[in-house]
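**Q** Add chain B to chain A, keeping to what the hints say.
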Amino acid sequence: MSIMEYNGGAVVAMVGKNCVAIACDKRLGVQAMTISTEFKKTFQATPKTYIGLPGLATDVQTLAEKFRFKVNMYRLKEEREIEPRALAHLVSSTLYERRFGPWFVEPVIAGLDKENRPFICSTDLIGCINFAKDFVVSGTTSNQLYGMCESLWEPDLEPEDLFETISQSLMNAVDRDCLSGWGAEVTVITPEKIITRTLRSRQD
Amino acid sequence: MADRYSFSLTTFSPSGKLVQIEYALNAVNSGVTSIGIKATNGIVIATEKKAVSTLIDDSSLEKVAIISSNIGMVYSGMGPDYRVLVNKARKAAQAYKRVYMEEPPTAILVKEIASVMQEFTQSGGVRPFGVSLLIAGFDEKGPMLYQVDPSGSYWPWKATAVGKNMVNAKTFLEKRYNEDIELEDAIHTAILTLKEGFEGQMTENTIEIGIITGVVSTKDDGAVVLPEFRKLSPNEVKDYLANIA
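In order, the protein sequences belong to chains A and B. Be aware that the first sequence starts at 1, since it is given in UniProt numbering, and climbs by one per residue. Be aware that the second sequence starts at 1, since it is given in UniProt numbering, and climbs by one per residue.
Bear in mind the hints are in silico, worked out from the structure with no lab data behind them. This structure is a prediction, so every number in the text was calculated from the model and none was measured. Note that beta-carbon positions come from the ideal geometry of N, C-alpha and C, so glycine has one too. A couple of the hints might just be wrong.
Unchecked claim - In silico lysine-lysine, PhoX-like type, Cα no more than 20 Å apart, as pairs: (1) K193(A) to K114(A); (2) K70(A) to K97(B); (3) K111(B) to K91(B); (4) K114(A) to K17(A); (5) K195(B) to K50(B); (6) K97(B) to K219(B); (7) K141(B) to K114(A); (8) K97(B) to K111(B); (9) K195(B) to K175(B); (10) K158(B) to K141(B); (11) K111(B) to K70(A); (12) K133(A) to K219(B); (13) K195(B) to K164(B); (14) K77(A) to K91(B); (15) K238(B) to K49(B); (16) K88(B) to K111(B); (17) K114(A) to K219(B); (18) K97(B) to K77(A); (19) K175(B) to K158(B); (20) K50(B) to K238(B); (21) K111(B) to K77(A); (22) K97(B) to K141(B); (23) K49(B) to K231(B); (24) K111(B) to K141(B); (25) K133(A) to K17(A); (26) K195(B) to K231(B); (27) K77(A) to K141(B).
Said to hold, decoys possible - Covered by chain A, per the in silico footprint, the following chain B stretches (three or more residues, Cβ under 8 Å): (28) 101–114; (29) 215–223.
What the hints assert, rightly or not - For each label pair, taking beta carbons as the anchor points, the in silico distance ranges come out as: (30) Q94(B) to T196(A): 36 to 44 Å; (31) R98(A) to E184(B): 49 to 57 Å; (32) S8(B) to I35(A): 50 to 58 Å; (33) P156(B) to I195(A): 35 to 43 Å; (34) R98(A) to Q122(B): 29 to 37 Å.
Just chain A, with the same shape it has in the complex (with noise of 0.2 Å):
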């Protein structure tokens, strides 16, 4: 039993042209029983950036509201938003700060900085980052989604058409993993809109 797959869950994100998504599961299990399939892993850090936070759903939740704090205290000091690159360097200290007794995350983040350039990187529970041109993925998951990502990911991709391709890469990665599914969260990131979207899945 390891702890990173004890709630289960799975996040991914893309590049697109202009554009970033970021998707997750719903599922949050208690090992092999489900017990909700309303857990999403996503929050959405400013207006144009995403964190997504796949693991152990308690350091979801801490997390999540930490990074909050982090991230409004920014604002009010600096009094601007934070770029997703220094959002990335701040998800990676605090998770480091922790070095010996980690948050048990692997955080996702995705969003568009001030020149509305796509941004993606993802970090591993000690705060590694791992900058990406192309697509990141994390959680349970992880693996049957590098295998969907890869064969399904092109560069360019239109919002429209990078929502298809990153729904269908975390649905069928999903659908090979026990520990997440139950429904999923996909949101598209435009410099004008985000739009998030749920989609039907099989409920296995």
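**A** For chain B alone, coordinates are given in the frame of chain A:
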């Protein structure tokens, strides 16, 4: 032993003033003059490097300090107090960088230093810093010049002076400053302002000038590149001095 000094030495007078801070300001006003001028494309800060004796090796005395790549600082008042603040400022800048992997915006660093200086007006067993700082920085909002006083108050300025000759210097600056001034003119004006109250011979070894100028740019990977603060070398200062002679 320590509990004998756990009370604050900065206490209110009946009129509502903190006399220790007033006296700290006296220490500042007896220090040599420092100037700061903000131009459209940068900032210049300058001070006199008054050596008490000709035997002093003034090349190793540093009054204009680099705090981080895009922020510099100068002072009027007590040198040793200044050194403490320079170290705290440098550490604060690096601590910010450690978390965000970015240089702190000028206003954020100024708030940090100001809050340190304020602490020393409200803690037990310590006295206020006997310096006024002029902090010049260039961040994404553009060039910003701040003054921080011993009380911990800070103001953004377009052009200012602190120290012995500040009243005359500020009058001089009010006449000569305009919002469209460019950095070259600003350096020229700063030197002239210093010259107003200068005792003795003004050479490239008796004044120190720091400038920050440039543009904010972005690298391919999206990282922001800010202009760098640097001190003018004695030869560069000599050239500017030759122009005003």
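**Q** Would you mind marking each hint as holding or not holding in the structure?
**A** A quick look at each hint next to the structure:
With a C-alpha separation of about 14 Å, the suggested pairing of K193(A) with K114(A) holds against the 20 Å cut-off. Annotation: proposed proximity of K70(A) to K97(B) holds, straight-line Cα distance about 15 Å (limit 20 Å). As the CA atoms of K111(B) and K91(B) are separated by approximately 14 Å, the hinted pair is consistent with the 20 Å bound. Of the pairs offered as hints, the one joining K114(A) and K17(A) holds, with about 16 Å between alpha carbons and a cut-off of 20 Å not exceeded.
With a C-alpha separation of about 13 Å, the suggested pair K195(B) and K50(B) falls inside the 20 Å cut-off, and the hint holds. A C-alpha spacing of about 18 Å is found between K97(B) and K219(B), which places the hinted pair at or below 20 Å, so the restraint holds. Taking the CA atoms of K141(B) and K114(A), the gap is near 13 Å; set against the 20 Å cutoff, the hint holds. With a CA separation close to 16 Å, the supplied pair K97(B) and K111(B) stays within the 20 Å bound.
For the suggested pair K195(B) and K175(B), the alpha carbons sit about 16 Å apart, so the restraint of at most 20 Å is met. Of the pairs offered as hints, the one joining K158(B) and K141(B) holds, with about 14 Å between alpha carbons and a cut-off of 20 Å not exceeded. Restraint check for K111(B) and K70(A): satisfied, since their Cα atoms lie roughly 17 Å apart, inside the 20 Å limit. At roughly 15 Å between alpha-carbon atoms, K133(A) and K219(B) fall within 20 Å of each other, so this suggested pair holds.
In summary, the hint linking K195(B) to K164(B) is supported, as the alpha carbons are separated by about 13 Å, within the 20 Å threshold. A hinted pair counts as satisfied when its Cα atoms are at most 20 Å apart, and K77(A) with K91(B) qualifies at roughly 19 Å. This hinted pair checks out: K238(B) and K49(B) have alpha carbons roughly 15 Å apart, not beyond 20 Å. The straight-line distance between the Cα atoms of K88(B) and K111(B) is roughly 12 Å, inside the 20 Å bound, and the hint therefore holds.
Under the criterion of a C-alpha separation no larger than 20 Å, the hint pairing K114(A) with K219(B) is consistent with the structure, at around 14 Å. As the CA atoms of K97(B) and K77(A) are separated by approximately 16 Å, the hinted pair is consistent with the 20 Å bound. At most 20 Å may separate the alpha-carbon atoms for a hinted pair to count; K175(B) and K158(B) meet this at roughly 13 Å. Distance check on the hinted pair: K50(B) and K238(B) sit about 17 Å apart at the alpha-carbon level, within 20 Å; holds.
Proximity of K111(B) to K77(A) is assessed by CA-CA distance (about 9 Å); at most 20 Å being required, the pair is judged to hold. Taking the CA atoms of K97(B) and K141(B), the gap is near 18 Å; set against the 20 Å cutoff, the hint holds. At most 20 Å may separate the alpha-carbon atoms for a hinted pair to count; K49(B) and K231(B) meet this at roughly 14 Å. Straight-line distance between C-alpha atoms of K111(B) and K141(B) comes to about 16 Å, which keeps the hinted pair within the 20 Å bound.
For the given pair, K133(A) sits about 12 Å from K17(A) by alpha-carbon distance, which is consistent with the 20 Å threshold. For a cut-off of 20 Å, the pair hint linking K195(B) to K231(B) stands: about 19 Å separates their Cα positions. With a C-alpha separation of about 14 Å, the suggested pairing of K77(A) with K141(B) holds against the 20 Å cut-off. Using a Cβ-Cβ cut-off of 8 Å, 6 residues of the region 101–114 of chain B lie near chain A, which meets the minimum of three, so the contact claim holds.
Counting residues of the region 215–223 of chain B whose C-beta sits closer than 8 Å to any C-beta of chain A gives 4, which meets the bar of three, so the coverage hint holds. For Q94(B) paired with T196(A), a C-beta distance near 39 Å keeps the hint of 36 to 44 Å intact. Taking the beta carbon of each, R98(A) and E184(B) are about 51 Å apart, inside 49 to 57 Å as hinted. Under the hint 50 to 58 Å, the C-beta atoms of S8(B) and I35(A), about 55 Å apart, fit the expected range.
At roughly 41 Å, the beta carbons of P156(B) and I195(A) sit within the given window of 35 to 43 Å. Checking the proposed 29 to 37 Å range against R98(A) and Q122(B) shows it holds: the Cβ atoms sit about 33 Å from each other.
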